[in-house]
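Protein chains: 2
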Amino acid sequence: MNHEKQYAPLGVFDSGVGGLTVAREIMRQLPQERIIYFGDTARVPYGTKSRETVTRYSRQIVHFLLGKGVKAIVVACNTASAFALEEIREELPVPIIGVVKPGAKVAAETTGNGIIGVIGTEATISSQLYTRTIHEHNPNAVVIGKACPLFVSLVEEGWLKDPITVAVAQRYLESFRQSGMDTLIMGCTHYPLLRSTLRGILGETVNLVNPAYETARGLKELLEGHGILNDGNGVCQGTKHQFYVSDAAEKFKNFANSILPCEIKEAQLIHIEE
Amino acid sequence: MNHEKQYAPLGVFDSGVGGLTVAREIMRQLPQERIIYFGDTARVPYGTKSRETVTRYSRQIVHFLLGKGVKAIVVACNTASAFALEEIREELPVPIIGVVKPGAKVAAETTGNGIIGVIGTEATISSQLYTRTIHEHNPNAVVIGKACPLFVSLVEEGWLKDPITVAVAQRYLESFRQSGMDTLIMGCTHYPLLRSTLRGILGETVNLVNPAYETARGLKELLEGHGILNDGNGVCQGTKHQFYVSDAAEKFKNFANSILPCEIKEAQLIHIEE
Numbered sequence: 006m007n008h009e010k011q012y013a014p015l016g017v018f019d020s021g022v023g024g025l026t027v028a029r030e031i032m033r034q035l036p037q038e039r040i041i042y043f044g045d046t047a048r049v050p051y052g053t054k055s056r057e058t059v060t061r062y063s064r065q066i067v068h069f070l071l072g073k074g075v076k077a078i079v080v081a082c083n084t085a086s087a088f089a090l091e092e093i094r095e096e097l098p099v100p101i102i103g104v105v106k107p108g109a110k111v112a113a114e115t116t117g118n119g120i121i122g123v124i125g126t127e128a129t130i131s132s133q134l135y136t137r138t139i140h141e142h143n144p145n146a147v148v149i150g151k152a153c154p155l156f157v158s159l160v161e162e163g164w165l166k167d168p169i170t171v172a173v174a175q176r177y178l179e180s181f182r183q184s185g186m187d188t189l190i191m192g193c194t195h196y197p198l199l200r201s202t203l204r205g206i207l208g209e210t211v212n213l214v215n216p217a218y219e220t221a222r223g224l225k226e227l228l229e230g231h232g233i234l235n236d237g238n239g240v241c242q243g244t245k246h247q248f249y250v251s252d253a254a255e256k257f258k259n260f261a262n263s264i265l266p267c268e269i270k271e272a273q274l275i276h277i278e279e
Numbered sequence: 006m007n008h009e010k011q012y013a014p015l016g017v018f019d020s021g022v023g024g025l026t027v028a029r030e031i032m033r034q035l036p037q038e039r040i041i042y043f044g045d046t047a048r049v050p051y052g053t054k055s056r057e058t059v060t061r062y063s064r065q066i067v068h069f070l071l072g073k074g075v076k077a078i079v080v081a082c083n084t085a086s087a088f089a090l091e092e093i094r095e096e097l098p099v100p101i102i103g104v105v106k107p108g109a110k111v112a113a114e115t116t117g118n119g120i121i122g123v124i125g126t127e128a129t130i131s132s133q134l135y136t137r138t139i140h141e142h143n144p145n146a147v148v149i150g151k152a153c154p155l156f157v158s159l160v161e162e163g164w165l166k167d168p169i170t171v172a173v174a175q176r177y178l179e180s181f182r183q184s185g186m187d188t189l190i191m192g193c194t195h196y197p198l199l200r201s202t203l204r205g206i207l208g209e210t211v212n213l214v215n216p217a218y219e220t221a222r223g224l225k226e227l228l229e230g231h232g233i234l235n236d237g238n239g240v241c242q243g244t245k246h247q248f249y250v251s252d253a254a255e256k257f258k259n260f261a262n263s264i265l266p267c268e269i270k271e272a273q274l275i276h277i278e279e
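Chains as they are written, first to last, in the numbering used here: chain A, 6 to 279; chain B, 6 to 279.
No lab work stands behind these hints, which were simulated from the structure alone. Please note that a few of the clues may not be correct.
[Claimed, not checked] Dumping the calculated BS3-like pairs for lysine-lysine here, alpha-carbon to alpha-carbon at most 25 Å:
| id | chain 1 | residue 1 | chain 2 | residue 2 |
| --- | --- | --- | --- | --- |
| 1 | A | Lys258 | A | Lys245 |
| 2 | A | Lys270 | A | Lys256 |
| 3 | B | Lys151 | A | Lys151 |
| 4 | A | Lys151 | B | Lys256 |
| 5 | A | Lys110 | B | Lys166 |
| 6 | B | Lys166 | B | Lys256 |
| 7 | B | Lys166 | B | Lys151 |
| 8 | A | Lys166 | B | Lys256 |
| 9 | A | Lys256 | B | Lys151 |
| 10 | A | Lys225 | A | Lys110 |
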């Protein structure tokens, strides 16, 4: 056990608020861990940007988090996990985990008929990382990807169960109708907020995979493997989580308080590009 | 006439591709002018960001354009015009014009019954700049603003006349149903691409104002006023327009070639924050 490091905080970052669904899962499954969260609200969304730009932005954020003394980093954004994680991993003195591989692994291992759908941003789908990772675990799986760019805007508009959102989801999910798919990965951190709309269209027979849940499980294993899982006995126990954003701190705080199990008192604004 | 300056290019910028509708109007109305266009495709959209962030980004872009020797600057983005223009104007050695004031002025002057609607991003509507400017020209006008955040995503998805887009537009325009409005300002550079959908819902009696058209007219007056309108006889005549973006240059080029009257051979990628 690495006594010095186990009580250090975790760094968690996302392009904006979506990654809070991952932070929420970490708080549930690893309640003894402290989180330093960064949401890049000034430059959101990442899902329409290029690999080079997403990697540059991710690198800036990782350096910020390292400066805060984090013991490990969680990339709580599918696009950044797909585009930036592997390149950045090699530069890092601490372990890093994204949301794509844990979600892909569980889908590959739990599918009954080997037909798996993936929905996500344009960037995540075009990266093909879900497909490649599923094939590492289940070489015969058939993987069908579909970019759903309007979903993020609809979630941010708050139209979670609106007839318009249902119509958009029906349009996007049309791609899967004839596929026989038994598993669908919600490959963007906003999408679990549309779970009941997706469930209504797909029926009960399709298993919906939420990578946030699997990522928190994978994180526990990663921390144990490095001997840095917080045992809850350290001096830092009870110290609050910290939240940083690159824009609109008040709006972020309000959204966070609507979905997190704890109350955030403050989100601090920083200029991440400097 | 300022001979040295009249043959210098114009700087035109937007958060992304929307400002190309303004560039197109300038090319039509002032074909002798050269344009240096910057689209901040890495940080698009501006419409959900704070005043402080939009102003900081706009300032970076303006400095880039000044470095290119522009004789005047057109803020071809409603959000940046609403949030950043007045603050930046004071720092500039060249004249600057935005899209809000020309559109507001013509709406104020042409309305029959004095009831004017404005649709735009959250930022543009919350800034109240359209309302204030309309009241400068027509103190008794009733101005009704409505943010339509999904419109940009729908345009970028290419669903310009789709039944889903019609349903979204009906929802947003519901705010104006009982108002008696005779004029609607399309206060975001993406929205003129939805003109026929808006027209279908509103009928023929509502005048749709496209600020891009009014901005190009206002620009001509501004350049004449400063003695820097290009007379078309200079050595630079025929030199091509130049396009710069902060991300995804190829995608930008393809979009630009679908809406501009001339063919773009290249959009150059630059890191605007450095």
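So, going through the hints one by one against the coordinates:
| no. | hint | verdict |
| --- | --- | --- |
| 1 | A:Lys258 with A:Lys245 | holds, 15 Å |
| 2 | A:Lys270 with A:Lys256 | holds, 12 Å |
| 3 | B:Lys151 with A:Lys151 | violated, 32 Å |
| 4 | A:Lys151 with B:Lys256 | holds, 19 Å |
| 5 | A:Lys110 with B:Lys166 | violated, 40 Å |
| 6 | B:Lys166 with B:Lys256 | holds, 22 Å |
| 7 | B:Lys166 with B:Lys151 | holds, 21 Å |
| 8 | A:Lys166 with B:Lys256 | violated, 33 Å |
| 9 | A:Lys256 with B:Lys151 | holds, 19 Å |
| 10 | A:Lys225 with A:Lys110 | holds, 16 Å |
When held up to the earlier numbered hints, the structure conflicts with 3, 5, 8 and fits the remainder.
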